[in-house]
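*Asks:* Listed below, chain by chain, are the residues.
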Amino acid sequence: MLRDRRGTETSSPSLYSPDRSGASSTQAHTRASNGLDQFFCSIQDQANLSILDFAGASQANVSFITTLGHRIFSNDILHTLDEAFGGEGDFVANQADPRRADYFLRESLDFSERSFDGALVWDTLQFLAPPLLQETVDRLFHVLRPQSALLAFFHAEEKANLVPLYNYRIVESKTLSLTPRGERKPAQYFNNRSLEKLFQKYNSVKFFLTRDHLREVIVRR
Amino acid sequence: MSTAPAASHHSPEMRGPAVIGKSVMIKGQIFSREDLTIDGEIDGSVELQEHRLTVGPHGKLQAGVKAREIVVLGTIHGNVEASDKIDIRKDAKLVGDIKTARIVIEDGAYFKGSIDIARPEISKPAAVPTPKPVAATPAPAANAAAASAPSSALSGEMKR
Numbered sequence: 033m034l035r036d037r038r039g040t041e042t043s044s045p046s047l048y049s050p051d052r053s054g055a056s057s058t059q060a061h062t063r064a065s066n067g068l069d070q071f072f073c074s075i076q077d078q079a080n081l082s083i084l085d086f087a088g089a090s091q092a093n094v095s096f097i098t099t100l101g102h103r104i105f106s107n108d109i110l111h112t113l114d115e116a117f118g119g120e121g122d123f124v125a126n127q128a129d130p131r132r133a134d135y136f137l138r139e140s141l142d143f144s145e146r147s148f149d150g151a152l153v154w155d156t157l158q159f160l161a162p163p164l165l166q167e168t169v170d171r172l173f174h175v176l177r178p179q180s181a182l183l184a185f186f187h188a189e190e191k192a193n194l195v196p197l198y199n200y201r202i203v204e205s206k207t208l209s210l211t212p213r214g215e216r217k218p219a220q221y222f223n224n225r226s227l228e229k230l231f232q233k234y235n236s237v238k239f240f241l242t243r244d245h246l247r248e249v250i251v252r253r
Numbered sequence: 092m093s094t095a096p097a098a099s100h101h102s103p104e105m106r107g108p109a110v111i112g113k114s115v116m117i118k119g120q121i122f123s124r125e126d127l128t129i130d131g132e133i134d135g136s137v138e139l140q141e142h143r144l145t146v147g148p149h150g151k152l153q154a155g156v157k158a159r160e161i162v163v164l165g166t167i168h169g170n171v172e173a174s175d176k177i178d179i180r181k182d183a184k185l186v187g188d189i190k191t192a193r194i195v196i197e198d199g200a201y202f203k204g205s206i207d208i209a210r211p212e213i214s215k216p217a218a219v220p221t222p223k224p225v226a227a228t229p230a231p232a233a234n235a236a237a238a239s240a241p242s243s244a245l246s247g248e249m250k251r
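Here the protein sequences come in this chain order: A and B. Note that my numbering has the first sequence beginning at 33, numbered continuously upward. Note that my numbering has the second sequence beginning at 92, numbered continuously upward.
Hints were generated in silico from the structure; no laboratory data involved. Take the hints with a grain of salt, since some may be wrong.
Unchecked claim - Some, not all, of what chain B presents toward chain A, calculated at C-beta under 7 angstroms: (1) Ile196; (2) Ala200; (3) Phe202; (4) Lys203; (5) Ser205; (6) Ile206; (7) Asp207; (8) Ile208.
What the hints assert, rightly or not - No more than 30 angstroms apart at the CA atoms, straight line, and that leaves these computed lysine-lysine pairs for DSBU-like: (9) B:Lys181 to B:Lys157; (10) B:Lys184 to B:Lys113; (11) A:Lys206 to A:Lys238; (12) B:Lys184 to B:Lys151; (13) B:Lys181 to A:Lys206; (14) A:Lys217 to A:Lys229; (15) A:Lys206 to B:Lys113; (16) B:Lys181 to B:Lys113; (17) B:Lys151 to B:Lys181; (18) B:Lys190 to B:Lys157; (19) B:Lys181 to A:Lys217; (20) B:Lys176 to A:Lys206; (21) B:Lys118 to B:Lys184; (22) B:Lys113 to B:Lys176; (23) B:Lys184 to A:Lys217.
Quick reminder that beta carbons are idealized off the backbone N, C-alpha and C, glycines included.
Full structure from sequences and hints, please.
*Replies:* Right under this line is the structure:
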């Protein structure tokens, strides 16, 4: 389902075309992504933009974005999450530790004077506990230029204890390659309403519900 | 520069690239007019205008780096500029901004920073891999280690 914050709702096309590999497989599979398509539509016919990518170092993403004539800022935010909140104790409970939270924010979201024309945050936000999540979303708001787009994925299965993690690699403007990188407990479940509330500072929010229980969210700054 | 007591009268082509070994730590500036492999620790800057820099698996650079081609197997904290190509291998770690004409990133590498692809100019004589002695300016205060390698220069402090 596609819906924007102003209440418009449209039908959702079928987005998921699995390559006969399930979520538990370690094989990469490709699928169409309307969210990604919308993201690249928002920056088409422009050059020399700065794109923030939270997927970490990836030849595919770097090549795709720089071939379009843009600059990419790459950061593996899940790596920093593990550095900040992994180890002893519960991963989600550790996010309440101010020292650890400061470290995470400093390492992941301190861009000094940089600003961006788009952000690919993939599925990383769903592993942040509410206070830190809101701080992260607010910081992204400040580093994104007006009218820029943010692409985020949230698992849509309410009862899932563990959700699959992927390396997201851009194959083309509407196709992603997903390589499984294990499973992780989400910090909270997100429905459309909670996502609208999370991004309430932003101008608009659009949802694409995929067959693999994922909400692809395009947020316009 | 070379840390080994290599015969300095040999041409770089004969004795292979200069190497800073893994037990060497240098604070200061390194300029080289030949290919260089760094497997030690550098705190400062590294410049090999027309040559290839390899940061070995034990190499740790807290430095700004400029070279024609850069291959990273170890760690760099600092901004990196490669006029031709940068190759970040699996298990390498690079934190800093990259400016290059081409880039290769292997899966498993860690990178944090921006990548700016500088499109190569149409007529680019730098693509010819012939050394250009005028490209590197030796530092005024090169120490004894640098003196053993006539194609390279460093200034600063060196510890073994």
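*Asks:* Against this structure, judge whether each hint is valid.
*Replies:* We went through each hint and held it up to the structure:
1. Ile196: holds (5 angstroms)
2. Ala200: Since the shortest Cβ distance to chain A is 5 angstroms, the answer is holds.
3. Phe202: At 4 angstroms from the nearest chain A Cβ, Phe202 (chain B) passes the 7 angstroms test, so the hint holds.
4. Lys203: Since chain A brings a Cβ to about 5 angstroms from Lys203 (chain B), closer than 7 angstroms, the hint holds.
5. Ser205: holds (4 angstroms)
6. Ile206: holds (5 angstroms)
7. Asp207: At 5 angstroms from the nearest chain A Cβ, Asp207 (chain B) passes the 7 angstroms test, so the hint holds.
8. Ile208: With a closest approach of 4 angstroms, the Ile208 (chain B) hint holds.
9. B:Lys181 to B:Lys157: holds (21 angstroms)
10. B:Lys184 to B:Lys113: This hinted pair holds, its Cα atoms lying about 17 angstroms apart.
11. A:Lys206 to A:Lys238: With Cα atoms ~16 angstroms apart, Lys206 (chain A) and Lys238 (chain A) stay inside 30 angstroms; holds.
12. B:Lys184 to B:Lys151: Holds: Lys184 (chain B) and Lys151 (chain B) sit about 9 angstroms apart, inside 30 angstroms.
13. B:Lys181 to A:Lys206: Status holds; Cα separation ~28 angstroms.
14. A:Lys217 to A:Lys229: The hint holds at about 22 angstroms.
15. A:Lys206 to B:Lys113: Judged against 30 angstroms, a Cα distance of about 46 angstroms means the pair is violated.
16. B:Lys181 to B:Lys113: holds (19 angstroms)
17. B:Lys151 to B:Lys181: holds (15 angstroms)
18. B:Lys190 to B:Lys157: Holds, because 10 angstroms separates the two Cα atoms, which is no more than 30 angstroms.
19. B:Lys181 to A:Lys217: The hint holds at about 28 angstroms.
20. B:Lys176 to A:Lys206: holds (29 angstroms)
21. B:Lys118 to B:Lys184: Roughly 20 angstroms between the alpha carbons, so the hint for Lys118 (chain B) and Lys184 (chain B) holds.
22. B:Lys113 to B:Lys176: holds (24 angstroms)
23. B:Lys184 to A:Lys217: holds (27 angstroms)
Violated hints amount to a single one, hint 15; each of the other numbered hints is respected by the structure.
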